[in-house]
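Q: Just so you know, the sequences run in chain order B and C. My numbering puts the first residue of the first sequence at 184, with every later residue one more than the last. My numbering puts the first residue of the second sequence at 79, with every later residue one more than the last.
What the hints contain is simulated information worked out from the structure, not anything from laboratory work. Incorrect hints may appear among the rest.
[Stated by the list, open to error] Facing chain B, according to a computed beta carbon distance under 8 Å, are these residues of chain C, among others:
no., residue
1, S105
2, S131
3, I153
4, T161
5, I191
6, T194
7, P203
8, P209
9, S213
10, R236
11, A245
12, L251
[Said to hold, decoys possible] Here are the simulated EDC-like cross-link-like pairs (lysine to aspartate or glutamate), alpha carbons at most 20 Å apart as the crow flies:
no., chain 1, residue 1, chain 2, residue 2
13, C, K198, B, E278
14, B, K326, C, D313
15, C, K196, B, E278
16, C, K198, B, D461
17, C, K198, B, E439
18, C, K198, B, E375
Every residue gets a Cβ at the ideal spot worked out from N, C-alpha and C, and that includes glycine.
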Amino acid sequence: MTPHARVAENAADALSGVTSGMHVGIGGALNAGHPMALVRALMQRDLTDLTIVSGFGGMEIDILAGSGIAKRVIAAFVGAEGVSGLPPLLRWAGEEGRVDAWDIDEGILLTALRAAAQKLPYATWRCGLGTHAANNPLCRQMKDDATGAHYLKVRPLPIDVCLYWAEAADPLGNVLRWGPDFGDTGFIDAAETRIVQVERIVPTEALNATPDRVAPWQAEIVLAAPLGTYPFCSTTLQDDIAWLADYVSAMAQLHERGDWAAVRPALERLLRLDGDDDAFLASIGIPRLRRLMA
Amino acid sequence: MSAADDLYVIAIARRIRIDDIVHVGASQLDVWQAAETARRLWAPKLRVVAAGSFHLCGAASPALMRSRTYARDLISARQATFTQSRVFDDLKRTRVAFAGALQVDSRGNANLISFTAKGKIVRGPGSGGLPTLTSHADRFFIALPRHDARSLVAKVDRVSVLGDPRAREALGLPPTSLQAVITPLGAFAPTSDGLALVERTPSVSLEDVRVRTGFAFSAYQDCVERAPITKDEQDALARVRAGLA
Numbered sequence: 184m185t186p187h188a189r190v191a192e193n194a195a196d197a198l199s200g201v202t203s204g205m206h207v208g209i210g211g212a213l214n215a216g217h218p219m220a221l222v223r224a225l226m227q228r229d230l231t232d233l234t235i236v237s238g239f240g241g242m243e244i245d246i247l248a249g250s251g252i253a254k255r256v257i258a259a260f261v262g263a264e265g266v267s268g269l270p271p272l273l274r275w276a277g278e279e280g281r282v283d284a285w286d287i288d289e290g291i292l293l294t295a296l297r298a299a300a301q302k303l304p305y306a307t308w309r310c311g312l313g314t315h316a317a318n319n320p321l322c323r324q325m326k327d328d329a330t331g332a333h334y335l336k337v338r339p340l341p342i343d344v345c346l347y348w349a350e351a352a353d354p355l356g357n358v359l360r361w362g363p364d365f366g367d368t369g370f371i372d373a374a375e376t377r378i379v380q381v382e383r384i385v386p387t388e389a390l391n392a393t394p395d396r397v398a399p400w401q402a403e404i405v406l407a408a409p410l411g412t413y414p415f416c417s418t419t420l421q422d423d424i425a426w427l428a429d430y431v432s433a434m435a436q437l438h439e440r441g442d443w444a445a446v447r448p449a450l451e452r453l454l455r456l457d458g459d460d461d462a463f464l465a466s467i468g469i470p471r472l473r474r475l476m477a
Numbered sequence: 079m080s081a082a083d084d085l086y087v088i089a090i091a092r093r094i095r096i097d098d099i100v101h102v103g104a105s106q107l108d109v110w111q112a113a114e115t116a117r118r119l120w121a122p123k124l125r126v127v128a129a130g131s132f133h134l135c136g137a138a139s140p141a142l143m144r145s146r147t148y149a150r151d152l153i154s155a156r157q158a159t160f161t162q163s164r165v166f167d168d169l170k171r172t173r174v175a176f177a178g179a180l181q182v183d184s185r186g187n188a189n190l191i192s193f194t195a196k197g198k199i200v201r202g203p204g205s206g207g208l209p210t211l212t213s214h215a216d217r218f219f220i221a222l223p224r225h226d227a228r229s230l231v232a233k234v235d236r237v238s239v240l241g242d243p244r245a246r247e248a249l250g251l252p253p254t255s256l257q258a259v260i261t262p263l264g265a266f267a268p269t270s271d272g273l274a275l276v277e278r279t280p281s282v283s284l285e286d287v288r289v290r291t292g293f294a295f296s297a298y299q300d301c302v303e304r305a306p307i308t309k310d311e312q313d314a315l316a317r318v319r320a321g322l323a
């Protein structure tokens, strides 16, 4: 029987079941909808050897690649729109073998997640043939005996925990989605545990007005973290391009110096990893947040 | 923006047909501007998918077109909801994509994953959904906003987009889907012998193109000069950039 959802007291409480070595799916796409309150809390846990999985990741995936808690990053794409430069830490960690960065195509990733969600030994996909985006341990190129068609046999990609953002949820885990799903649905369906970070927790009755946007009983754990996608956009916030540009610049400078040991302390300062989400947002400042809320 | 940049965007726009559905990927502001320019000139009902949002028949405010496909206001103004998790469920009606690349090779393959330079592996952003988006597409392009021997190479280090007609055919994929590789200096078309130059920018000699290309290529006898940007095109592009209808 599926247990009812619970409301987490804070981000650390929400993540209490996450342990080293897990596969953690991160929701959101590019500059939007990443559960940064949960990502920051994840970085404050004493964890190692996580496999971080993302579809169209933003700089949160780059941050996690440099955080010291990830041994592998599986993502179709990692980048920031409106900011020049490639993801600095993922690039650096990959170059030096600090993180095992897989090449994967988004269609193949969704197929692997579907295989996990449907408890299949494998699923099949007819795209990405002949590319290195299919050159990973999940994929094997096959030929159909009956038709001669080439295809990929794609093994399931298990997701232990999916962390994602949504506009709101009720205490029962009914989730109010914004509209575009950012590709999160694949992770949500594949995951053993779904932890949603929302702008606000609302009574179930409040969801009645927009039933087409409600995903029923979708999350096992609900965390209220208003403005918690910062520096990424949400229904409440615009993305903070200046912050993202400063981040890319700061990490690129460390890369130029070759000072990997300075990465984690720099991330701790930038993301205020010695405090909770309020401390981080306070460091950004009310005027700046208000501009992004306009 | 220089005149060369403008002509590059217009060269992309000219490839867009009135009945296309154009896919604008991450950080593809040039493709987006090209699509919106085409919409203003010859494709008023052009269908554009800008990553997180559908904008139907040009009704979205042009002022919302930003450098980001996932900007809050743009998503809020969407006219239909984009479900990323099901984006590839309809391969019978794939969209027209203009793939970017770190490298493009003489066979028409593109690489967004990584390459080796001075003995070090340099990672790119990743292939995204392009391997799937281009596999069964009727038409797709590679749009490379720079033209140099580092980007246009004999053989890509890794393949994100399979453009090589022979390799595609061997895998049962439509062999002629890659229409052209478009750069600021010209355009190449795939042939059974590799890419051939079919269009050259005015004021750039064939020798200039050869020097700045990292592979040997043949030039079509009927290789044409890229038509200069027209006043209508220039005006339309300026209005797009100004966020005007």
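Q: Confirm or reject each hint.
A: Each hint, compared with the structure:
With a cut of 8 Å, the hint placing S105(C) at the interface with chain B holds, because the nearest CB-to-CB distance is about 5 Å. Among the interface hints, the one on S131(C) holds; its C-beta lies about 7 Å from the nearest C-beta in chain B, closer than the 8 Å criterion. Proximity of I153(C) to chain B holds as hinted, the smallest CB-CB distance being about 6 Å (cut-off 8 Å). Using the Cβ-Cβ criterion of 8 Å, the hint placing T161(C) at the interface with chain B is satisfied: the shortest such distance is roughly 5 Å.
With its C-beta approaching chain B no nearer than about 5 Å, I191(C) sits inside the 8 Å limit, and its interface hint holds. Interface restraint check for T194(C): the shortest CB-CB distance to chain B comes to about 10 Å, outside 8 Å, so the restraint is violated. For the restraint placing P203(C) at the interface with chain B, the shortest Cβ-Cβ distance is roughly 4 Å, inside the 8 Å limit, so the hint holds. Evaluation of the P209(C) hint against chain B yields a held restraint, the C-beta minimum of about 4 Å falling below 8 Å.
Interface restraint check: S213(C) against chain B, minimum CB-CB distance 4 Å, threshold 8 Å, status holds. The beta carbon of R236(C) comes within 4 Å of a beta carbon in chain B, closer than 8 Å, and the hint placing it at the interface holds. Of the supplied interface hints, the one on A245(C) holds, with its beta-carbon coming within about 6 Å of a beta-carbon of chain B, less than 8 Å. With a cut of 8 Å, the hint placing L251(C) at the interface with chain B holds, because the nearest CB-to-CB distance is about 7 Å.
The hinted pair formed by K198(C) and E278(B) meets the criterion: a straight-line CA distance of about 7 Å does not exceed 20 Å. A C-alpha spacing of about 52 Å is found between K326(B) and D313(C), which places the hinted pair above 20 Å, so the restraint is violated. Of the pairs offered as hints, the one joining K196(C) and E278(B) holds, with about 12 Å between alpha carbons and a cut-off of 20 Å not exceeded. Of the supplied pair hints, the one linking K198(C) and D461(B) is violated, its CA atoms being roughly 41 Å apart against a limit of 20 Å.
For the given pair, K198(C) sits about 14 Å from E439(B) by alpha-carbon distance, which is consistent with the 20 Å threshold. The suggested pairing of K198(C) with E375(B) is violated, with an alpha-carbon distance near 38 Å, which exceeds 20 Å.
Checked against the numbered hints given earlier, this structure breaks hints 6, 14, 16, 18; the rest are met.
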